[in-house]
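With the sequences and hints as input, model every part of the structure.
Every letter in the sequence shown is one number past the one before it in the numbering used here, and letter 247, counting from 1, is 247.
Every clue listed holds true.
Simulated crosslink set (EDC-like; lysine to aspartate or glutamate; CA at most 16 Å straight-line):
no.: 1; residue 1: K46; residue 2: E415
no.: 2; residue 1: K447; residue 2: D457
no.: 3; residue 1: K46; residue 2: D414
no.: 4; residue 1: K447; residue 2: E415
no.: 5; residue 1: K447; residue 2: D414
Have a look at the derived ranges for each label pair, beta carbon to beta carbon:
no.: 6; residue 1: L84; residue 2: V301; range: 50 to 60 Å
no.: 7; residue 1: A27; residue 2: G317; range: 27 to 37 Å
no.: 8; residue 1: L217; residue 2: T459; range: 53 to 63 Å
no.: 9; residue 1: V393; residue 2: A247; range: 40 to 50 Å
no.: 10; residue 1: H433; residue 2: F206; range: 50 to 60 Å
no.: 11; residue 1: H433; residue 2: G33; range: 40 to 50 Å
no.: 12; residue 1: L217; residue 2: E415; range: 50 to 60 Å
no.: 13; residue 1: T392; residue 2: I259; range: 36 to 46 Å
no.: 14; residue 1: R281; residue 2: L217; range: 42 to 52 Å
Hint data in this document are derived by calculation from the structure and do not stem from the laboratory.
Where is the CB? At the ideal position from N, CA and C, for every residue including glycine.
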Amino acid sequence: MESSAISLAPRLLERGAPRQAVIERVAVVLALGLLGALMCVAHISKGGLYFDDWSLLELSRFPPPGGLLHGLWLDYGQRPGQVLYYAAVGQALGAGVGARLALAAVAAVFEACCLYALLRELRLGAPDAFAIAALTLTFPFSDSAWLWGVVSLASLAVAMGLLGVIFALRAFRARGIRALALHGASLALYLASVLSYEVFALAGCFAGLLYVRAAGLRRARGRWALDVLLIVAALLFSRLLLPIDVATPSRMQSLTGAIYHAGLLLGDGARLAGGALLPLRGVSPWVGIALLTSVLVAALVLRALPSTSAPARRALGRWLGVAGAGVLVAIAAWAVYAPASDHYSPMASGTVNRINVLAAIGVVMLVYSCLALIAAMFDALAGRVAAGLCLTVSILALGVAYLSRTTSDARAWDEAAADQRALLATLHSTLPHPGAGATVYVIGAPKTVGAGVPVLDTTLDLTSAIRVSYASPSLTGIPLSGAAAVVCGSADRPTYLVDVGARRAIRLEDRAQCSRAVGAIG
1 MESSAISLAP RLLERGAPRQ AVIERVAVVL ALGLLGALMC VAHISKGGLY
51 FDDWSLLELS RFPPPGGLLH GLWLDYGQRP GQVLYYAAVG QALGAGVGAR
101 LALAAVAAVF EACCLYALLR ELRLGAPDAF AIAALTLTFP FSDSAWLWGV
151 VSLASLAVAM GLLGVIFALR AFRARGIRAL ALHGASLALY LASVLSYEVF
201 ALAGCFAGLL YVRAAGLRRA RGRWALDVLL IVAALLFSRL LLPIDVATPS
251 RMQSLTGAIY HAGLLLGDGA RLAGGALLPL RGVSPWVGIA LLTSVLVAAL
301 VLRALPSTSA PARRALGRWL GVAGAGVLVA IAAWAVYAPA SDHYSPMASG
351 TVNRINVLAA IGVVMLVYSC LALIAAMFDA LAGRVAAGLC LTVSILALGV
401 AYLSRTTSDA RAWDEAAADQ RALLATLHST LPHPGAGATV YVIGAPKTVG
451 AGVPVLDTTL DLTSAIRVSY ASPSLTGIPL SGAAAVVCGS ADRPTYLVDV
501 GARRAIRLED RAQCSRAVGA IG
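Below, the structure written as structure tokens:
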């Protein structure tokens, strides 16, 4: 059977692969790679480290007595795949900021390629599959996946899940040892994905719907049940049997709190979908929601009319099905966060929009289906050529709008990186030799840029940054909103107050001198 899905490089040279399919795969990989490069190259050169990036770099530079893996296990042990990934990145890339951001960009492109491969495996047309993959890559409401180096793992976890679905679908068409190998590879990818970053967990449990579509319920039900058992077992193992770590969100809300948060996720998710359809500044997402709803209802009504031709009915049914699948993917992606704290919201900006990494696929499928349905209904009025032109122009306009918003977000992240570099440069010029074990209070530095892009705004991040910058693992950095927050007391180790705006550092020798310094600053 002819396969037109993208796969790994060795697969491109598989004996017997149709020449046209090979050309398609190479062209799509190159096109998505070029799009990713155009989108990410400026940030790779201007961006920096943010939040967990600093503590991971500190661990790599100054591993604890038990070694790097031990330190990572204490921080991320409930996600074993995350531990191994961060260890590999730390060893391979060292302090290379650009390399970490380039890795995040490559991971995002790889995810888009895997999405294209899955859509083609499901017999979606090549232009439609490419458009959905490209819009997912440029989706501005999940762009922390490539703007923030540490989140590259989220893109890879989604990619592993998508590859797992592809292998499972191919296994149903294979026989004997090949079928067993494909099923085994699929299950291994699901397991690696969930134990690295569990965003794919619920979506993976719904993959059986695709199995039923491909092979029928009788053949698919055993594999579907095995998927669910494996994913549930992996989650129970990581949450109940592995020790609680420092970084992985382990505290769950009460049932009432989780239900309330689920409602917030659904409401904000609907607003995100509306904003994704009309991503224009100043346009309310409710306008997009109204348009989405109107198009879906109109398509359902038109498909039910006896006067609608069979080809039109099939086209409407196909895109209504894709829209429904997109809604299911988005809900499954967001539902994973329901037991977590309420600050996880699809409408959040900055670092928190990472929760949309998988949901972006579903939202884009819904938005693209809406545009395709408009074109299908327009076809009956103006003809196929005009409808195709309408769809093409709409997709290009949407892509330009996505890239515009993503570029704006990247500028905010680059500005935050520049502020961090300026802050560290000021510390070095005003305090070139703080001494071993010193505590450095920092006042007058920016804390965030835009909506939610951090500038060393926590003690953990500032401490890690100055330890790496000064190459001293015993320093402590404390960002302050005002000098009054300084705790004055007898210092048993060097303590400094650095006013970034005034570019001066004051050593706090004793309580009286500390009080005078605090009073002088503010």
